[in-house]
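Trainee: Use these hints to put chain B onto chain A, whose structure you have.
Residue numbers (this note's numbering), protein chains in the order written: chain A, 8 to 706; chain B, 37 to 160.
These are computed hints drawn from the structure, not numbers from a lab. Only a predicted model underlies this, so the values are computations on that prediction, with no experimental measurement involved. By construction, the Cβ of each residue, glycine as well, lies at the ideal position given by its N, Cα and C atoms. Check each hint, because a few of them may be wrong.
Covered by chain B, per the in silico footprint, the following chain A stretches (three or more residues, Cβ under 8 Å) [claimed, not checked]:
(1) 18 to 29
(2) 264 to 274
(3) 315 to 321
(4) 341 to 349
Chain by chain, the residues run as shown.
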Amino acid sequence: MSADVKILDGNTFVVSDESGDIEASLTDPTGLFSFDTRFLSRWILTIDGQRLNPLSVDDLQYFETRFFLVPGTGTVYIDAKLSVIRQRAVGGGFHEELTILNHDDKPVDLTVRVEAGCDFADLFEVKDDLKKQGEYYTSVDNGRLVLGYRHETYVRETWVSATEACAVDEGALTFAVHVEPHEQWSTDLHVAIARDATGTTSGRPKYERKTKKARPNMELSLDKWLDDAPSLDCDWDSLKRTYRRSLVDLAALRFSPPSLPGHYLPAAGLPWFMTMFGRDSIFTSLQALPFASELARTTLAALGLWQGSRHDDFRDEDPGRILHEMRFGEMTAFEERPHSPYYGSVDATPLYVVLLDEYERWTGDAKLVRALETHARAALAWIDDYADLQGNGYIAYQRRNEKTGLENQCWKDSWDSISYRDGRLPGFPRATCELQGYAYDAKVRGARLARTVWRDPAFAERLEKEAADLKRRFNRDFWVEDGEYYAIAVEADGSKVDALASNNGHLLWSGIVDKSKAKAVARHLMSPAMYSGWGVRTLAEGQGRYNPIGYHVGTIWPYDNSFIAWGLRRYGFKEEAARIAAGILDAAEFFEGRLPEAFGGYERELTKYPVQYPTSCSPQAWSTGAPLLLLRTMLGLEPSGDDLIVNPALPAGIGRLELLDIPGRWGRRDAFGRGRVDVKSRPRRRAQLGVIKPERKKT
Amino acid sequence: MAKLDKGLLEALAERSRERPITAFNGVVRFDVRDGERVEEWYLTIAKGVVSVSRKGGEPDSVLAGDVATFEAVLSGRANAMAALLRGALDAQGRIVLLTALQRLFPGSPGAEGSPTAGYARRQS
Numbered sequence: 008m009s010a011d012v013k014i015l016d017g018n019t020f021v022v023s024d025e026s027g028d029i030e031a032s033l034t035d036p037t038g039l040f041s042f043d044t045r046f047l048s049r050w051i052l053t054i055d056g057q058r059l060n061p062l063s064v065d066d067l068q069y070f071e072t073r074f075f076l077v078p079g080t081g082t083v084y085i086d087a088k089l090s091v092i093r094q095r096a097v098g099g100g101f102h103e104e105l106t107i108l109n110h111d112d113k114p115v116d117l118t119v120r121v122e123a124g125c126d127f128a129d130l131f132e133v134k135d136d137l138k139k140q141g142e143y144y145t146s147v148d149n150g151r152l153v154l155g156y157r158h159e160t161y162v163r164e165t166w167v168s169a170t171e172a173c174a175v176d177e178g179a180l181t182f183a184v185h186v187e188p189h190e191q192w193s194t195d196l197h198v199a200i201a202r203d204a205t206g207t208t209s210g211r212p213k214y215e216r217k218t219k220k221a222r223p224n225m226e227l228s229l230d231k232w233l234d235d236a237p238s239l240d241c242d243w244d245s246l247k248r249t250y251r252r253s254l255v256d257l258a259a260l261r262f263s264p265p266s267l268p269g270h271y272l273p274a275a276g277l278p279w280f281m282t283m284f285g286r287d288s289i290f291t292s293l294q295a296l297p298f299a300s301e302l303a304r305t306t307l308a309a310l311g312l313w314q315g316s317r318h319d320d321f322r323d324e325d326p327g328r329i330l331h332e333m334r335f336g337e338m339t340a341f342e343e344r345p346h347s348p349y350y351g352s353v354d355a356t357p358l359y360v361v362l363l364d365e366y367e368r369w370t371g372d373a374k375l376v377r378a379l380e381t382h383a384r385a386a387l388a389w390i391d392d393y394a395d396l397q398g399n400g401y402i403a404y405q406r407r408n409e410k411t412g413l414e415n416q417c418w419k420d421s422w423d424s425i426s427y428r429d430g431r432l433p434g435f436p437r438a439t440c441e442l443q444g445y446a447y448d449a450k451v452r453g454a455r456l457a458r459t460v461w462r463d464p465a466f467a468e469r470l471e472k473e474a475a476d477l478k479r480r481f482n483r484d485f486w487v488e489d490g491e492y493y494a495i496a497v498e499a500d501g502s503k504v505d506a507l508a509s510n511n512g513h514l515l516w517s518g519i520v521d522k523s524k525a526k527a528v529a530r531h532l533m534s535p536a537m538y539s540g541w542g543v544r545t546l547a548e549g550q551g552r553y554n555p556i557g558y559h560v561g562t563i564w565p566y567d568n569s570f571i572a573w574g575l576r577r578y579g580f581k582e583e584a585a586r587i588a589a590g591i592l593d594a595a596e597f598f599e600g601r602l603p604e605a606f607g608g609y610e611r612e613l614t615k616y617p618v619q620y621p622t623s624c625s626p627q628a629w630s631t632g633a634p635l636l637l638l639r640t641m642l643g644l645e646p647s648g649d650d651l652i653v654n655p656a657l658p659a660g661i662g663r664l665e666l667l668d669i670p671g672r673w674g675r676r677d678a679f680g681r682g683r684v685d686v687k688s689r690p691r692r693r694a695q696l697g698v699i700k701p702e703r704k705k706t
Numbered sequence: 037m038a039k040l041d042k043g044l045l046e047a048l049a050e051r052s053r054e055r056p057i058t059a060f061n062g063v064v065r066f067d068v069r070d071g072e073r074v075e076e077w078y079l080t081i082a083k084g085v086v087s088v089s090r091k092g093g094e095p096d097s098v099l100a101g102d103v104a105t106f107e108a109v110l111s112g113r114a115n116a117m118a119a120l121l122r123g124a125l126d127a128q129g130r131i132v133l134l135t136a137l138q139r140l141f142p143g144s145p146g147a148e149g150s151p152t153a154g155y156a157r158r159q160s
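Isolated chain A (complex conformation) (with noise of 0.2 Å):
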């Protein structure tokens, strides 16, 4: 695949090359997506039987893109007689105005041809290389091409037509084409996605019911977005910018789930993961919380409505179970897969009633939060009644679906994340260190809504002492004495896997370390084996799996080091908090703004740019929510009551840094801060904040 040019719209998107062309193969994931199913898998243009050269890509905005192109492919010379424009926009499928001017003195006629064609293939299909059962139909109906698939009860349909004059055969629409001299013919075509999960039995392209064009919702306005987030003003101008790329690409990634239209939760990423995630789209909810808070209520209100209600072993669905993914595509229509929606996470349900209580915190939306009371209890009850698969109070995952379902259950799914400090693996079901701290934090911000809102004291003193006792055991059981630092996770038989890993950041955030083991805890995630200059590596240097470029055992992940800089100021370790800001927001410049899912875990003075990992998820949104939560922290917002309170600790490479009108249960209040945390700066290839030298370990 070459260079892909994205545009998407809610979980609608099309990926194409830099001339506009679709030309997928089974595993490649270019094309017309929605509801994780490809709607148009060929999409190429020739005039006179000759592809087209691109001259200019011009990303207008994330749902609309420009190609400038020019006929012949000649790599040395190009006879730009002709000129081509194709701007698409993204709604309900696609529209395209294709124009093409004339620059000559003489007239032309052309043969313009646009083939069209579609695998219907299932994104699962996409990524594990899987043949089709159904059977493909292709028609001419009323001028328009329809391209089909059925299998059994299972229709999906895109239907292809164009403004102008066309003859349509079952593999193109073609146009005879005379354009006069420096004059220019132009028609639109409309790649309507017909037939799809949700309106079986319309028959009409969605947008052609309100509008000519397809164009994405306009409840998702830009501007609106944009105006009723915090302004952000900075003398650092990387700030601002990795600020405005973080709020559009969220922009871009909000998904409204069919069940609440016009309502907008963030989804996990583009292109694989474009729909509603248990543990994904509460992070990003927490992280966005000070800036755009109804992505939380969203968050709520949806994983809610989905809620484990039964027992199925299929999804791993249990009572009170918060949803790990919802898909829509061919093999979960079929239950080949589990994702109808699937509950094989164990983190998404504490992090409900987390997210439920920070929500309060800053909107002070007490009406939600009664809404959802049995929700919220319903998850509390799940963590002790089906969670504690060791029969020791903690919880842990062990799935019941063999086949398709998931065998990490926590944030590192990967199969070598969690680790013996030698690189054994424990065996299931395995209780990780950070889910515990989960489900503390829970317990105690349960009790605290249970007193506020539901009026349940009794429920809330109950809660409160089952948080002491978790809090009490897991220092004792989780704690690596010879390390001083809390072990990965603990196995059924209380052996502890011993692995330094960045969890141990999440436990500060949580509240579930014992204050006098935090300094130790901050102190080895500042340290040369975990902190890289960029920011802290999933597992430490040392341990028998670290590698800098394995996903969970080595990389950077800038979601990971957000939460790791909530905790240690949630423990007062300011400058750490800092420090880790800086690192992440340095590396941020190198990408824009747009900070990747996971950089290698190299040291930062080792390969002076971060190196990102090789992945094709890009905007991921608790990535793009990562510099949210990360001004959070340096500027020490915390809701107290009606009011916000600011107290920064800012690198001092930011000179000043003033976030205006910042929502909340106040209003809007305005929050300043100046650089004084010194980060050892030192000159380099271009401004940043710094390098930080990891504090030198005491042993």
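Mentor: Chain B alone, transformed into the frame defined by chain A:
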């Protein structure tokens, strides 16, 4: 002629009395197809509790499908969302109401779940 087993709907109503679907009110109609014939069932939801009858007013949402699909979904042998994606069920109207209602559909027969009896509660 195949008819929908009314007992399956009554069991659903019973589950809603034990565990109401929070804060929802409205009328859902099930259009149960058997060949050309369509049997209509009205599920009236009041404060999350469902009552079932053959007659009712204007529905807020309609779920349509054949007898076999409804029976499979209402007995836990099939998943409603998957059936919907497959086109075996068709949903119209207020989808949010149907989403809330699906939580009352039973789990898969024989599913073990993982009740662990609640450590914290055992301790207290």
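Trainee: Does each hint hold? Answer for all of them.
Mentor: Outcome of the hint check:
Check on the region 18 to 29 of chain A: 0 of its residues sit with their Cβ under 8 Å from a Cβ of chain B, so the three-residue criterion for coverage is violated. For a cut-off of 8 Å, the count of residues in the region 264 to 274 of chain A with a CB near a CB of chain B stands at 4, and the three-residue condition holds. Remark: the region 315 to 321 of chain A is confirmed as covered by chain B, as 6 of its residues place a Cβ nearer than 8 Å to a Cβ of that chain, reaching the required three. Here the region 341 to 349 of chain A counts 4 residues with a CB under 8 Å from a CB of chain B, which clears the bar of 3, and the coverage holds.
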